[in-house]
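Trainee: What follows is each chain in one-letter form.
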Amino acid sequence: MNQADLPSSQRLRCASPNALSWLDNYFERAPDAWNFSAWSNREALPLANRETIESRMAEIAFWYATAQLKTPPQLPPWLLAVKPFADADECLNQLLPYANGAAMAVFPLAGCDGRNPKLARLYLLPCRLTRDSRSRLSFANAIPKEYSVLIVTPSEESSDKIAGDSWQLAAALAQVAANEPALRVRLGVDWACTGAVNSHGKVKPVELGNKAALATKTSRRWLLPDGDNIALWRTTAASNSDAFGVRSLTEAATYVREYGVVTHQFQFPQPVDELHVLLGGAITPALAVSMQIFPRRLCLWHSEKTRHDAEVMQKALGDLMKVELQAMPSDNLAAIEVRMRDRLEKQSALTRLVNFTGGNRIMGFGAMLAARHCRISLVYRDIDAPPDQLDMIDFADDPTMLPRHGKVIGNNCPDAWRQCVNWEMLYDSKTRLPKSEPPDTQAEVERLQQILWQEGHEPNDINTSRTME
Amino acid sequence: MKTPKRNSQPMRERWTRSFIQQYLRRSELQRLALADAEEDEPAPSYEVADAPPLRPRAQAAPHDLEELLPGQIRLLSQPKEMVWLLILRQWDSGTWLIVPFSPFSFPATEEEYLLGGNRTKYLDVLQFWNARTLNALFLRRSWLVSTLTPEEMQCVEILFDSSLSGDAVPDDLLANTGLPIVSADDPRLDYKTENLVRFTDLDSADLQMTELFSIATAQPVANVVTASATAKPAAAEPQKHRTILLPKLFSPLPMAAAGKNEVSVCWTAPATASALLAQLCQRQGRNNNAVKMAAMQYATWLDTGKLPCEAEATPVLMWEWPDAQKDSKGTPATADALFFHRKRRTLLGTGYALRKHDEGTIVLADWVVEEHPRINSPEDITIFLTAPEKV
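So the sequences go chain by chain: V and H. Under the working numbering, the first residue of the first sequence carries the number 312, and numbering increases by one thereafter. Under the working numbering, the first residue of the second sequence carries the number 6, and numbering increases by one thereafter.
For the record, the hints were derived by calculation from the structure and aren't laboratory data. By construction, the Cβ of each residue, glycine as well, lies at the ideal position given by its N, Cα and C atoms. No false leads were mixed into what you were given.
Using 27 angstroms as the maximum straight-line C-alpha spacing, the simulated DSS-like pairs for lysine-lysine come out as follows:
1. H:Lys253 <-> H:Lys297
2. V:Lys429 <-> H:Lys311
3. V:Lys472 <-> V:Lys513
4. H:Lys85 <-> H:Lys197
5. H:Lys311 <-> V:Lys528
6. V:Lys472 <-> V:Lys429
Here chain H is said to cover these stretches of chain V; the calculated rule only asks that three of the stretch's residues, wherever they fall, bring their Cβ under 8 angstroms from a Cβ of chain H:
7. 317-329
8. 332-340
9. 356-369
With the rest of the complex left out, here is chain V (with noise of 0.2 angstroms):
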């Protein structure tokens, strides 16, 4: 039996009394390959609570035609006449045919009294069933009229009124599920969720209660409202789960989505003291990105191969901002790593930002390590990007999670030199610095300044008034 498979009758029954909880486990895994003739012997099941033990497998086949957007296939003739929800009246084959626009969202159920938390499952029917679980619900109003609702509790508990509005978040991601079927086993299968949510789409707080304790019993990740919500849970719950802070249902369906990778909204850096530049083959982007970010200290870091190119971008750049070379090398991670470390900590007191646009593969990701040890933002300038864009990318909620990633426009040249600066062609991807044969630096620098520069050169009025100041 391959672990993805479904259990045969035979087996559930030898696994009383966990049968349940092992069809339970089902819910957790993509509904991919199950093959439902596992099931066609109805006497072998279980004896004990063999009735939510149909009706849970009836739930299993619903859920499978939900996710996968057809009728599952070789199912036995008993279980299409088994009722899957407690809540409605129908039976299995009633309800296969709304299955194609419906979804499943599962949200935690806080114990009360020295009870247990429990997660349940919430679906939403494109239909209105004779009955569903809306007179179990507070505040269902927000349920739209044209759907049905049926939540799966665990059975002690399944007559239960569910108080409180905390299943909303849960209901509405489900909608968004049910007219987005590519979301729906992600949404089902690898996400839980708590939230209020208001006509608008904001995701409002809730009380937690002891739900943060279901963390270690599922591998789902979590959304909660952002603020307090995620702040309690991520000091209550067990530290490796994944909790995501949302404010709006937008928000969410986003993280559901993207695999909980979402963009960020990070502010263009400003004032920069020092930018650590990794120089690669072509200085013209490593030139565009220093003159857009504009620090205090630019620390070009460079190869045996790419000291050249270094000196000449030093001296193309004159006294615009302070110029320091840095060697390393190109082949060895840990080397790398460490230098770039050591010399990113002498200096923990300022601003620094790291530049991995250029240089080989080994330098970015060696310049990658160092900044993520010494929580330092990354900015990388795409070969396509948009002028004055950038992505950039962060360790600093934690080093051991997942980075955030954004993109930030913005430009730091002083608007004196921003005026005078060629910015298309720094830009430009088909700029190239026309080297030398023999290395001659002086006019491999002039060259430089002349795609820097909109007059070709340095321009004399800002010289004469820097030498004023």
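Mind docking chain H on chain V? Use the hints.
Mentor: Below, chain H alone, put in the same frame as chain V:
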């Protein structure tokens, strides 16, 4: 159990009278049958040396190893006589509280209860005075006959609890019991003695098993080397190489097997669980440094949920039975099973292996410890499949 005189009294007198009549009649019939047998001439002896061995006309149905549940009526396989019993509740780790049925259809004493239920006459009366605990390893080797309704089970629970606490029994339930024994020459005392005898051998085996469990759960068993029981002596050297030495019982998985799958080492022993435990619980010495095993395999763990890392977690655990013995007729093959913690070498629980419809499963069904060492992976469990216990 308090038995105040109430409206139920006439009914109880009637049951008791009927029981005594039935018992005396049967005793008399048994006595006559025994006397006839003694008077009969001895049976002629036949030459049977060349006759083919006797074969059973029909094969016994497989035991219902799966799912022990309160309320089940089961027929035990071990006693010589047919013994039906009711599973009342789980008593302790790996043991169940059972209440035997009386062979008579009327309650004999105040500690017997006429269940009725129109099943059959020998499933009418429960002997609460004969209630006992039984190890799951024995209890699973039985056949499921019927199940009590929830209402019947409720009555039985009330009666049993009253017998423990001494609380008054509701009159409607009391009406279905007999009267207490007050005289030393009451024939019902003989009946009780006869019925206790039915369990003598099983009780003795159960006690021995419990003692072995308490040793094997408390201290590490011997990590002896194993010898293949199937190895045949070479023709030229009949006395040498009678056994082939295999690895120690609790060796870690070899590198080739580790990490490939979530597997446990699974030994098949050509002995019963009690015999194997007795061997393993002996101190490792000169003469007992090898235990015979038929085979060693790797059983793949079936992911029914999280492994029980916490000491108190005792869920049912299951493995694929890699090479279940299956006869040509396709009848289910079964084995009893012992489960040890590999590193601690202490007993964790018992269970069974079962093959049905070409699907073999090993099940850790009954934990014999309330708290167990941490189990991080299936490799931490070593399985022994054994022959069914005999009494």
